[in-house]
Amino acid sequence: MSTGILLNATICFAIALSSFAFAWVLARDGKEHNEKSKPALWSLIVLWILVGLTYLPTTVRMIAAYMGNQQLDLFMYYIAAVPFSFVAVPLVFFILYVIIGDQKISGVISALFVLFGAAYLALFFSSGVIGPTITPLTSLFTINSDIAINIYLIGLFVIPTAMIIGLLFLIFLQRMPKRLRYRTALPLVAISFVFDFMLTDMITLDDAMQLAARIFVLIGTVQAFLAYFPPLTLQEKLGIQKYEYNLYEKEEDTEFDEYDEEEADINV
Amino acid sequence: MSDDIDVRLEQQVAEFYQSLGIHQGPGDIQYRLILKVLSKNEGKITEFSEIREYTDMFADKGSIGSKMKTIFQLEGLAEKVKRGGYTITDKGITASNFLKDTTAFYKKNKRMGEIIERMP
Numbered sequence: 000m001s002t003g004i005l006l007n008a009t010i011c012f013a014i015a016l017s018s019f020a021f022a023w024v025l026a027r028d029g030k031e032h033n034e035k036s037k038p039a040l041w042s043l044i045v046l047w048i049l050v051g052l053t054y055l056p057t058t059v060r061m062i063a064a065y066m067g068n069q070q071l072d073l074f075m076y077y078i079a080a081v082p083f084s085f086v087a088v089p090l091v092f093f094i095l096y097v098i099i100g101d102q103k104i105s106g107v108i109s110a111l112f113v114l115f116g117a118a119y120l121a122l123f124f125s126s127g128v129i130g131p132t133i134t135p136l137t138s139l140f141t142i143n144s145d146i147a148i149n150i151y152l153i154g155l156f157v158i159p160t161a162m163i164i165g166l167l168f169l170i171f172l173q174r175m176p177k178r179l180r181y182r183t184a185l186p187l188v189a190i191s192f193v194f195d196f197m198l199t200d201m202i203t204l205d206d207a208m209q210l211a212a213r214i215f216v217l218i219g220t221v222q223a224f225l226a227y228f229p230p231l232t233l234q235e236k237l238g239i240q241k242y243e244y245n246l247y248e249k250e251e252d253t254e255f256d257e258y259d260e261e262e263a264d265i266n267v
Numbered sequence: 000m001s002d003d004i005d006v007r008l009e010q011q012v013a014e015f016y017q018s019l020g021i022h023q024g025p026g027d028i029q030y031r032l033i034l035k036v037l038s039k040n041e042g043k044i045t046e047f048s049e050i051r052e053y054t055d056m057f058a059d060k061g062s063i064g065s066k067m068k069t070i071f072q073l074e075g076l077a078e079k080v081k082r083g084g085y086t087i088t089d090k091g092i093t094a095s096n097f098l099k100d101t102t103a104f105y106k107k108n109k110r111m112g113e114i115i116e117r118m119p
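The listed protein sequences correspond, in order, to chains A and B. When we follow numbering that gives the first Met the number 0, the leftmost residue of the first sequence carries the number 0, and every step to the right adds one. When we follow numbering that gives the first Met the number 0, the leftmost residue of the second sequence carries the number 0, and every step to the right adds one.
Don't read these hints as lab results, they were simulated from the structure. Here the structure is a predicted model, which means the values were calculated and not measured. Misleading hints may appear alongside valid ones.
[Claimed, not checked] Cβ pair distances, simulated, as ranges:
no., chain 1, residue 1, chain 2, residue 2, range
1, A, Tyr77, B, Gly112, 55 to 65 Å
2, A, Asp101, B, Glu14, 18 to 28 Å
3, B, Leu19, A, Val188, 50 to 60 Å
4, B, Ala103, A, Leu167, 15 to 25 Å
5, B, Phe97, A, Leu167, 28 to 38 Å
6, B, Ala103, A, Ala207, 47 to 57 Å
7, B, Glu116, A, Lys177, 35 to 45 Å
8, B, Glu52, A, Lys236, 53 to 63 Å
[What the hints assert, rightly or not] Calculated cross-link-like contacts (lysine to aspartate or glutamate; reagent style DMTMM-like; alpha-carbon spacing at most 20 Å):
no., chain 1, residue 1, chain 2, residue 2
9, A, Lys177, B, Glu49
10, A, Lys177, B, Glu113
11, B, Lys106, A, Asp145
12, A, Lys35, B, Glu46
13, A, Lys37, B, Asp27
14, B, Lys107, A, Asp195
15, B, Lys109, A, Asp101
16, B, Lys60, B, Asp27
17, A, Lys103, B, Asp3
18, B, Lys68, B, Glu46
19, B, Lys109, B, Glu46
20, A, Lys103, B, Glu113
21, B, Lys109, A, Asp205
22, B, Lys99, B, Asp89
23, B, Lys106, B, Glu46
24, A, Lys30, B, Glu49
25, A, Lys35, B, Glu113
26, B, Lys79, B, Glu49
27, A, Lys37, B, Glu113
[What the hints assert, rightly or not] Take a look, some chain A residues computed to stay more than 10 Å from chain B by CB distance:
no., residue
28, Tyr96
29, Ile98
30, Gly100
31, Ala117
32, Pro135
33, Phe140
For each residue, glycine too, the CB sits at the ideal point set by N, CA and C.
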């Protein structure tokens, strides 16, 4: 069997691992966030857990494909479909809650996406899949239901993606400090990356495209990490560094109305 | 009191601008309320007592009278047409439009601030 599948398995494992790690770090640092952002934070944690739960069975699936175990491959494909179908739910809640700030309305609307996910799963399991087709890079399945794919495309992806784009526009149209812009836009771009390339991953029939989509999902996960925990060098380069106030120690006997030498030079 | 002028909102907007270091004009609650009352009565005479209905909770009669004289009349935003009666001028309407923009900016900024606050 080809080492391409092993590479694919490694990428899937990296996605699963980094998603779980990210969810864990977000949950661990939950106390640092304010009360108003808590519902959005937990929906984000659930989202990353679902991404991890989708790619963990996919890793096993790739290993099964490498070893030629088609039964396990198919079984893991079915398992991965379950968390995948509900990825849109926390995402919709997240976007709506951030925009409108009403937990109830956001909850009700995201519950609609549970129905979309359930409908997709029902059609998916009842119609079954065709495959697997083992290629040098991956193992592919074809969903044997056009309606399922339509529900999946429109309900689970087009609407949430449109919501992300809407929120991004809202942010980009505002003049705001660089740091805030980075802090709000990058997580959305990262989620959008992960979400949209997961779609490509699931419906594509081209092995190279699937592998590329998974690489982009991994990039999206890394982006999300960078959005929340930007390294110092990146902060310096982008000019988003947050300076601590205690870096500057004020002399006790300095009075506010005293002129600095510099100021005196400027005020000619 | 008329429903047209939301005193609470005007106070919040003024406080917002004060927090930005703008203590006069849009950051002055008295200025905001006087201009609001004057523009509400565009084409009619605004009685001083009507202005005081809104401003009494923030300032005494003397300081409102002084503001009417030193800012509104002196800068040509309002004209005194009789004892205790004023009309808004074209310049005053321009100032009033600017005030509306400051309220819109405050609302936009507040909405965005809330969105950012909800972002984890």
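Outcome of the hint check:
1. Tyr77(A) to Gly112(B): 55 to 65 Å: Check failed, 45 Å falls outside 55 to 65 Å.
2. Asp101(A) to Glu14(B): 18 to 28 Å: Given about 25 Å between the Cβ atoms, the range holds.
3. Leu19(B) to Val188(A): 50 to 60 Å: With Cβ atoms ~30 Å apart, the hint is violated.
4. Ala103(B) to Leu167(A): 15 to 25 Å: Check passed, 22 Å falls within 15 to 25 Å.
5. Phe97(B) to Leu167(A): 28 to 38 Å: At roughly 31 Å between Cβ atoms, Leu167(A) and Phe97(B) fall inside 28 to 38 Å, so the hint holds.
6. Ala103(B) to Ala207(A): 47 to 57 Å: Hint holds: Cβ distance 51 Å, inside 47 to 57 Å.
7. Glu116(B) to Lys177(A): 35 to 45 Å: Violated: the Cβ-Cβ distance is about 18 Å, outside 35 to 45 Å.
8. Glu52(B) to Lys236(A): 53 to 63 Å: 57 Å Cβ-Cβ, so the 53 to 63 Å window holds.
9. Lys177(A) to Glu49(B): violated, 46 Å
10. Lys177(A) to Glu113(B): holds, 17 Å
11. Lys106(B) to Asp145(A): Judged against 20 Å, a Cα distance of about 46 Å means the pair is violated.
12. Lys35(A) to Glu46(B): This hinted pair is violated, its Cα atoms lying about 45 Å apart.
13. Lys37(A) to Asp27(B): Answer violated: Lys37(A) to Asp27(B) is near 36 Å, above 20 Å.
14. Lys107(B) to Asp195(A): violated, 30 Å
15. Lys109(B) to Asp101(A): Distance of about 16 Å is within 20 Å: holds.
16. Lys60(B) to Asp27(B): holds, 16 Å
17. Lys103(A) to Asp3(B): Since the Cα atoms of Lys103(A) and Asp3(B) sit roughly 31 Å apart, the hinted pair is violated (cutoff 20 Å).
18. Lys68(B) to Glu46(B): Holds. Lys68(B) to Glu46(B) sits at ~14 Å (cutoff 20 Å).
19. Lys109(B) to Glu46(B): violated, 34 Å
20. Lys103(A) to Glu113(B): Roughly 17 Å between the alpha carbons, so the hint for Lys103(A) and Glu113(B) holds.
21. Lys109(B) to Asp205(A): violated, 47 Å
22. Lys99(B) to Asp89(B): holds, 15 Å
23. Lys106(B) to Glu46(B): violated, 30 Å
24. Lys30(A) to Glu49(B): violated, 51 Å
25. Lys35(A) to Glu113(B): This hinted pair holds, its Cα atoms lying about 9 Å apart.
26. Lys79(B) to Glu49(B): holds, 14 Å
27. Lys37(A) to Glu113(B): holds, 13 Å
28. Tyr96: Label violated. Min Cβ-Cβ 6 Å, cutoff 10 Å.
29. Ile98: violated, 6 Å
30. Gly100: Given that some Cβ of chain B is not farther than 10 Å from that of Gly100(A), nearest at about 6 Å, it is violated.
31. Ala117: holds, 27 Å
32. Pro135: Label holds. Min Cβ-Cβ 41 Å, cutoff 10 Å.
33. Phe140: holds, 35 Å
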